[in-house]
Amino acid sequence: MAKDIYIGEVAANEEIQIDYFLMKVTLPSDFTEPLPGQFVMIRIAGLHDPFLSRPISIYSYTRGKSNCAIELLYRVVGKGTQILAGLIKGSQVEISGPLGGSYSIDHQKKNIVFIAGGIGIAPLSLLAEALCRKASYSAAAMTFYLGAQTADAVVGLNRLRKLCYNLTVCTDDGSLGQKALVTKAFQKDIKKYSPSDTVIYACGPKAMVQSLSKILDGKYLCQVSLEERMACGVGACVGCVVAVKDGQGKPAYKRVCADGPVFDLQQIIWE
Amino acid sequence: MSVEIGGLKLKNPVMTASGTFGYGEEYADYVDLNQLGAIVVKGLSLKPRLGNPPPRIMETAGGMLNAVGLQNVGVDVFIKEKLPFLRQYDVAVIANIYGESTLEYSQVAKKLSQAEGVHALEVNVSCPNVKKGGLSFGSDPKAAAEVTRRVKAETHLPVIVKLTPNVTDIAAIAQSVEEAGADAVSLINTLTGMAIDLKTRTPHLKNITGGLSGPAIKPVALRMVWQVAQRVAIPVIGIGGIMTVEDALEFMIAGAKAVQIGTANFINPHATIEIIDGIRHYLQNNKIKNINDIVGTLRT
Ligand SMILES: Cc1cc2nc3c(=O)[nH]c(=O)nc-3n(C[C@H](O)[C@H](O)[C@H](O)COP(=O)(O)O)c2cc1C
Ligand code: FES
Chain L
23 MAKDIYIGEV AANEEIQIDY FLMKVTLPSD FTEPLPGQFV MIRIAGLHDP FLSRPISIYS
83 YTRGKSNCAI ELLYRVVGKG TQILAGLIKG SQVEISGPLG GSYSIDHQKK NIVFIAGGIG
143 IAPLSLLAEA LCRKASYSAA AMTFYLGAQT ADAVVGLNRL RKLCYNLTVC TDDGSLGQKA
203 LVTKAFQKDI KKYSPSDTVI YACGPKAMVQ SLSKILDGKY LCQVSLEERM ACGVGACVGC
263 VVAVKDGQGK PAYKRVCADG PVFDLQQIIW E
Chain Z
43 MSVEIGGLKL KNPVMTASGT FGYGEEYADY VDLNQLGAIV VKGLSLKPRL GNPPPRIMET
103 AGGMLNAVGL QNVGVDVFIK EKLPFLRQYD VAVIANIYGE STLEYSQVAK KLSQAEGVHA
163 LEVNVSCPNV KKGGLSFGSD PKAAAEVTRR VKAETHLPVI VKLTPNVTDI AAIAQSVEEA
223 GADAVSLINT LTGMAIDLKT RTPHLKNITG GLSGPAIKPV ALRMVWQVAQ RVAIPVIGIG
283 GIMTVEDALE FMIAGAKAVQ IGTANFINPH ATIEIIDGIR HYLQNNKIKN INDIVGTLRT
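In order, the protein sequence lines correspond to chains L and Z.
For what it's worth, the working numbering labels the leading residue of the first sequence as 23, then goes sequentially.
For what it's worth, the working numbering labels the leading residue of the second sequence as 43, then goes sequentially.
It is possible that some hints are incorrect.
Listed below are the simulated BS3-like cross-link pairs for lysine-lysine, each with C-alpha atoms no more than 27 Å apart in a straight line [what the hints assert, rightly or not]:
| hint | chain 1 | residue 1 | chain 2 | residue 2 |
| --- | --- | --- | --- | --- |
| 1 | L | Lys267 | Z | Lys122 |
| 2 | Z | Lys53 | Z | Lys331 |
| 3 | L | Lys272 | Z | Lys248 |
| 4 | Z | Lys89 | L | Lys267 |
| 5 | L | Lys132 | L | Lys210 |
| 6 | L | Lys101 | L | Lys131 |
| 7 | L | Lys272 | L | Lys101 |
| 8 | Z | Lys248 | L | Lys267 |
| 9 | Z | Lys153 | Z | Lys89 |
| 10 | L | Lys184 | L | Lys46 |
| 11 | L | Lys213 | L | Lys201 |
| 12 | Z | Lys248 | L | Lys101 |
| 13 | Z | Lys51 | Z | Lys329 |
| 14 | L | Lys272 | L | Lys236 |
| 15 | Z | Lys241 | Z | Lys53 |
| 16 | Z | Lys329 | L | Lys272 |
| 17 | L | Lys213 | L | Lys184 |
| 18 | Z | Lys241 | L | Lys101 |
| 19 | L | Lys214 | L | Lys241 |
| 20 | L | Lys236 | L | Lys132 |
| 21 | L | Lys272 | Z | Lys89 |
| 22 | L | Lys228 | Z | Lys248 |
| 23 | L | Lys101 | L | Lys132 |
| 24 | L | Lys201 | L | Lys236 |
| 25 | L | Lys210 | L | Lys131 |
| 26 | L | Lys228 | Z | Lys51 |
| 27 | Z | Lys89 | Z | Lys248 |
| 28 | L | Lys272 | L | Lys228 |
| 29 | Z | Lys248 | L | Lys236 |
Simulated restraints, written as ranges between beta carbons of each label pair [claimed, not checked]:
| hint | chain 1 | residue 1 | chain 2 | residue 2 | range |
| --- | --- | --- | --- | --- | --- |
| 30 | Z | Asp118 | L | Asp41 | 41 to 51 Å |
| 31 | L | Thr172 | Z | Arg265 | 48 to 58 Å |
| 32 | L | Ala265 | Z | Asp71 | 26 to 36 Å |
| 33 | Z | Gly104 | L | Lys210 | 42 to 52 Å |
| 34 | L | Glu36 | Z | Ser44 | 49 to 59 Å |
What the hints contain is simulated information worked out from the structure, not anything from laboratory work.
Computed from a predicted model, the values in this text were never measured in an experiment.
Backbone N, C-alpha and C fix where the C-beta goes; we use that ideal spot for every residue, glycine too.
With these hints in hand, go ahead and build the complete structure from the sequences.
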């Protein structure tokens, strides 16, 4: 599972919805196959403004004859992502990775439930694929709850439909699917999933994860992928921490990049 | 390429800066650690430290702010769990130490001096993030000298004192720790700064202020290295915003016998190796046999 920096070439960089981009990057074949939940740090070679690289989770991985490719799904939120959005086919990017830990796919539970907010769909899509392929879960055993503010912010739906048949889409304004928060839509169904038979995988904004934590109330096995500002991405600067309960239940700051980005939801301490 | 710092011989003058290279293992996939002049590990205190609440970092123009608050595993866990990894490599290990009292400094120094595989101590009298400690030692010549004496009394290892730039006369502090027995000084640590979120009118860092690092601080660091090098006889280690071999050479010409690479590791994990290779090429191209021949050769 070695990691390094690689020069990647942008093979495609498309605005799939307003402000949402899908970038495909071709990489040398020695780039290690990423696990679901892992991310890369990306920057434009030689450019020092913005200064830091940006962490983006890996949405897909494909291996070709002489190289490989990853896809990154991102939303333009600031200077860094704006510059990424302007890259054209053939541009070079520096990719460091694959970084961080992954969702664990060997829980052997009957029900798999995914809860994603916005582009939180990216790592969960890769995970759903891995569960189909490696852990041989059928598409029918997996249920996906996907939420976003509006229909414009729902991305990755078509690809997901092939992986998961049970798919509930919600938007805050009802412009697509149910008019509800994704956590509320899940809560309505919660009786269908007994805690001992279920594993929940989540990724989304803090408010979504926090509300999920309240709903699950520590009763379910739930793995969640977190986001934080990062500098190094490899665990060296200790800048990207989240407060968690350690082995003895005492508070500790863990590095999202190296100890995460996937954590057990129960471990997280909310302010 | 080799240089000597207070009796410690280094393969080359390029080290990693404390707090930017973890305990070495974090970058072992990217860098052949054997090639480094030295690894300076994350600052160690007597007991593990929780550190500051997040957010701890913020990007700024040409640099970043950090308020990690010296989160670290503590000296005992370092010796037991982190040092064995570093001992596998043929590289000098410099332990950066931190204390909230002169007693804590001397206790940490003592423990590390007894451990196998620590080759020098770097005493952080300068971290601006922890309210009670660092700043007061590093900004007062007497307190800085006192810490130096206490650490020297506990160790046979070379002692490097790392200075803070958040003072009016850094050369005075350097002279004071030299008189107290320091074997070398390293500078600079981060410059205290802040950044504000306009939307919420709140500071970007939970700690409100943080330490600025990266290329933004290089001119200040260079000036301070030059000033200090003129006033002390002990080796000076240059730190601050070094991204490229050209930056490193500037520091050496200003008077630094060695350099440390900090924030550059985050931007380019191969930075240290590229700088070492770059220095080698520079020496070859300019037919300079000994790296020490360029140290302090600034023409004014
Ligand atoms: C995230 C971070 C953590 C740091 N932690 C320490 C530390 O524990 N002890 C210390 O003496 N200096 C620490 N420093 C300061 C650096 O070692 C260095 O002096 C400073 O960053 C300037 O160099 P640079 O611009 O090359 O990064 C830290 C710097 C950063 C960015
Ligand atoms: S970003 Fe540096 S430790 Fe996570």
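Going down the list of hints, with the structure as the test:
1. Between Lys267(L) and Lys122(Z) the CA atoms are separated by roughly 23 Å; this keeps the pair inside 27 Å, and the hint holds.
2. Our distance criterion of 27 Å between C-alpha atoms is met by Lys53(Z) and Lys331(Z), whose separation comes to about 15 Å.
3. A C-alpha spacing of about 21 Å is found between Lys272(L) and Lys248(Z), which places the hinted pair at or below 27 Å, so the restraint holds.
4. A C-alpha spacing of about 19 Å is found between Lys89(Z) and Lys267(L), which places the hinted pair at or below 27 Å, so the restraint holds.
5. In summary, the hint linking Lys132(L) to Lys210(L) is supported, as the alpha carbons are separated by about 19 Å, within the 27 Å threshold.
6. Between Lys101(L) and Lys131(L) the CA atoms are separated by roughly 42 Å; this puts the pair beyond 27 Å, and the hint is violated.
7. For a cut-off of 27 Å, the pair hint linking Lys272(L) to Lys101(L) is broken: about 38 Å separates their Cα positions.
8. This hinted pair checks out: Lys248(Z) and Lys267(L) have alpha carbons roughly 20 Å apart, not beyond 27 Å.
9. Our distance criterion of 27 Å between C-alpha atoms is met by Lys153(Z) and Lys89(Z), whose separation comes to about 12 Å.
10. Restraint check for Lys184(L) and Lys46(L): the C-alpha separation of about 20 Å stays at or below 27 Å, so the hint holds.
11. Between Lys213(L) and Lys201(L), the direct Cα distance comes to roughly 21 Å. Compliance with the 27 Å bound is thereby established for this hinted pair.
12. Between Lys248(Z) and Lys101(L) the alpha-carbon distance is near 22 Å, which keeps this suggested pair within the 27 Å criterion.
13. Taking the CA atoms of Lys51(Z) and Lys329(Z), the gap is near 23 Å; set against the 27 Å cutoff, the hint holds.
14. Of the supplied pair hints, the one linking Lys272(L) and Lys236(L) holds, its CA atoms being roughly 20 Å apart against a limit of 27 Å.
15. Simply put, Lys241(Z) and Lys53(Z) have alpha-carbon atoms about 50 Å apart, too far for the 27 Å limit, and the pair is violated.
16. For the given pair, Lys329(Z) sits about 59 Å from Lys272(L) by alpha-carbon distance, which is inconsistent with the 27 Å threshold.
17. As the CA atoms of Lys213(L) and Lys184(L) are separated by approximately 26 Å, the hinted pair is consistent with the 27 Å bound.
18. With a CA separation close to 16 Å, the supplied pair Lys241(Z) and Lys101(L) stays within the 27 Å bound.
19. About 14 Å separates the Cα atoms of Lys214(L) and Lys241(L), which keeps this hinted pair within 27 Å; it holds.
20. A threshold of 27 Å between alpha carbons decides the hint, and for Lys236(L) with Lys132(L) the separation of about 23 Å falls inside it, so the pair holds.
21. Between Lys272(L) and Lys89(Z) the CA atoms are separated by roughly 15 Å; this keeps the pair inside 27 Å, and the hint holds.
22. Pair hint Lys228(L) plus Lys248(Z) holds up; C-alpha atoms about 17 Å apart against a cutoff of 27 Å.
23. For a cut-off of 27 Å, the pair hint linking Lys101(L) to Lys132(L) is broken: about 43 Å separates their Cα positions.
24. About 21 Å separates the Cα atoms of Lys201(L) and Lys236(L), which keeps this hinted pair within 27 Å; it holds.
25. Only pairs whose Cα atoms come within 27 Å are accepted, and Lys210(L) paired with Lys131(L) is accepted, the gap being roughly 21 Å.
26. Using a Cα cut-off of 27 Å, the hinted pair Lys228(L) and Lys51(Z) is violated, with the two alpha carbons roughly 50 Å apart.
27. As the CA atoms of Lys89(Z) and Lys248(Z) are separated by approximately 23 Å, the hinted pair is consistent with the 27 Å bound.
28. Restraint check: the Cα-Cα separation between Lys272(L) and Lys228(L) comes to about 22 Å, which is no more than 27 Å; the hinted pair holds.
29. For the hint pairing Lys248(Z) with Lys236(L), the CA-to-CA distance comes to about 25 Å; that is within 27 Å, so the pair holds.
30. Restraint check, Asp118(Z) to Asp41(L): a C-beta distance of roughly 50 Å satisfies the suggested window 41 to 51 Å.
31. For Thr172(L) paired with Arg265(Z), a C-beta distance near 53 Å keeps the hint of 48 to 58 Å intact.
32. For Ala265(L) paired with Asp71(Z), a C-beta distance near 28 Å keeps the hint of 26 to 36 Å intact.
33. The hinted range of 42 to 52 Å is satisfied by Gly104(Z) and Lys210(L), whose Cβ atoms lie roughly 50 Å apart.
34. As the Cβ distance of Glu36(L) to Ser44(Z) is approximately 53 Å, the hint placing it in 49 to 59 Å holds.
When the structure is compared with the earlier hints, violations turn up for hints 6, 7, 15, 16, 23, 26 and for no others.
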